[in-house]
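Given next are the chains, with one letter for each unit.
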Amino acid sequence: MSTDTQPTPDGSPSVEEFEALQSRIDELEAELASVRSDVEDGPRKMVIIATKGTLDMAYPPLILASTAAAFGYDVTVFHTFWGLEILHEEKAEDLKLSSVGNPSMPVPNVIGALPGMDRVTTRMMEKQIADNGVATVGELIETSIEQGVNFQACQMTIDLMGYDEEDFFDEVETGVGAASAFQEMADADIQLLV
Amino acid sequence: MSTDTPTETLDVKGQNCPMPVVKTKGAFDGLAPGATLEVVATDAGSMSDIKGWADSTDGAELVDQEEATEGGETVYRHYIRKTE
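In the order they appear, the protein sequences are chains A and B. When you number the first sequence by our numbering, it's gap-free, plus one each residue, and the end is 194. When you number the second sequence by our numbering, it's gap-free, plus one each residue, and the end is 84.
Take these hints with a grain of salt, some might be off.
Said to hold, decoys possible - Label pairs and their in silico Cβ distance ranges: (1) B/Glu84 - A/Met124: 41 to 49 Å; (2) B/Asp55 - A/Thr174: 31 to 39 Å; (3) A/Pro106 - B/Thr74: 22 to 30 Å; (4) A/Arg119 - B/Pro33: 48 to 56 Å; (5) B/Thr7 - A/Gly162: 49 to 57 Å.
Just so you know, the hints here were simulated from the structure itself, not pulled from any lab data. Glycine included, every Cβ here is placed at the ideal spot set by N, Cα and C.
Looking at chain A on its own, in the form it has when it is part of the complex:
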């Protein structure tokens, strides 16, 4: 930028106008530097909305949450509807796999619909999980909590489904709703609905 402040022909900025512009530019540059440092200094953030409570669907949010935490992200997982089961102290390690409605299952739907079939397919998957060295849901929750992942349980669905705040792991934050989840999502770099 030119520093020439000599009077100029008509129609061009006067010295005063020029100085005012220069000081405005300085102000804006300072503001930009401050915004830039806010963006660069703070940790990046991920928010996952977890809505499913089957054994297979518990994994994506927990794996991504623990991985993002390992990458230094601030992570919040907001659990709502069936997603609450993942945070339920008694149910978390006993999530079921549905034997119907999934064309990738080796069992035809008519057989999958027989009584007790969900239990059979769940056992099969639990065995595969153990055989392949994949962490259990409980282990992933524990690891995530150790890494500072913030697990939240939607208050409206806690009430709707007749749960009590005491039913969840101690570290789970309750008393939160759509507005706080929305606010966190607005601030986050990554937002996922699972």
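Since chain A is already given, all that's left is putting chain B on it; use the hints.
Here is chain B on its own, set in the frame of chain A:
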């Protein structure tokens, strides 16, 4: 691995995604600057996962990655130095 002698070894053999990376991060946090962490894994995905983690983690330098057959299984060794 040729130059640095690892300061600490993390054994995650038999553990699958995402545990190798998650536990690497935990062990790496406890290292002193200049120290090198050796991670021993059997998860083939750990080759790209740990590289990706080190690339995007400040102060983590991936010194070397090795693949070898030990006792009939493929073992992946990763060496990560803490630079700051």
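Hint-by-hint comparison with the structure:
1. Judged by the Cβ atoms, the range 41 to 49 Å given for glutamate 84 of chain B and methionine 124 of chain A holds: they are separated by roughly 47 Å.
2. Distance hint check for aspartate 55 of chain B and threonine 174 of chain A: the Cβ-Cβ separation is about 37 Å, which falls inside the suggested range of 31 to 39 Å.
3. Here the CB-CB span from proline 106 of chain A to threonine 74 of chain B is close to 28 Å, well matched to the stated 22 to 30 Å.
4. Range check, arginine 119 of chain A to proline 33 of chain B: about 52 Å between beta-carbon atoms, so the 48 to 56 Å window is met.
5. Range check, threonine 7 of chain B to glycine 162 of chain A: about 52 Å between beta-carbon atoms, so the 49 to 57 Å window is met.
Every hint, counting from the list given before, is met by this structure.
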